[in-house]
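J.: Sequence:
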Amino acid sequence: SRNSYLNSSQLEIARKLSSVLQMTAYNIASGGYSSVECAQAMKILLNSGFDKIDYIECRDSHSLEPIERTTEDECRIFAAAYIDNVRLIDNHIVV
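Numbering (the numbering used here), first residue to last: 2 to 96.
Worth flagging that the hints you see were computed from the coordinates, not collected in a lab. One thing to keep in mind: the hints can contain errors.
Stated by the list, open to error - Label-pair ranges, simulated between beta-carbon atoms:
{"#": "1", "residue 1": "74", "residue 2": "37", "range": "17 to 25 Å"}
{"#": "2", "residue 1": "56", "residue 2": "12", "range": "21 to 29 Å"}
{"#": "3", "residue 1": "3", "residue 2": "75", "range": "39 to 47 Å"}
{"#": "4", "residue 1": "70", "residue 2": "12", "range": "17 to 25 Å"}
{"#": "5", "residue 1": "40", "residue 2": "66", "range": "26 to 34 Å"}
{"#": "6", "residue 1": "45", "residue 2": "67", "range": "17 to 25 Å"}
{"#": "7", "residue 1": "86", "residue 2": "31", "range": "32 to 40 Å"}
{"#": "8", "residue 1": "10", "residue 2": "63", "range": "37 to 45 Å"}
Treat the numbers as computed from the prediction; the structure is a model and nothing was measured. Every residue, glycine too, gets a C-beta built ideally from N, C-alpha and C.
Let the hints inform the model, and build the full structure from the sequences given.
T.: What follows is the structure, encoded as structure tokens:
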């Protein structure tokens with residue numbers, strides 16, 4: 002796991018990635034626009050101590066095409082972010 006490259010304070014920051022994605026997924030499922038919600042998630046992560054965000058995107062789970070609003074199709078939020086030189090990736094289903 003890439004978490005082994007992080008010290009204890011960095012691990013605390015890294016744990017926020019999953020919770021922010023969960024919150025973002027909930028907001029999108031509740032009718033929010035994915036571009037707005039993903040931009041907000043980026044701000045939260047940067048303010049939480051992440052050094053750089055590669056992407057936070059909502060995409061169709063099967064085709065991986067970008068999705069702006071939730072539909073009946075299953076979609077996921079995908080993210081990649083850095084703490085120091087460690088790139089962390091995660092995803093969360095939007096239900």
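J.: Each hint: holds or not?
T.: Right, here's what the structure says about each hint:
no.	hint	verdict
1	74 with 37: 17 to 25 Å	holds (20 Å)
2	56 with 12: 21 to 29 Å	holds (22 Å)
3	3 with 75: 39 to 47 Å	violated (27 Å)
4	70 with 12: 17 to 25 Å	violated (35 Å)
5	40 with 66: 26 to 34 Å	violated (19 Å)
6	45 with 67: 17 to 25 Å	holds (21 Å)
7	86 with 31: 32 to 40 Å	holds (36 Å)
8	10 with 63: 37 to 45 Å	holds (38 Å)
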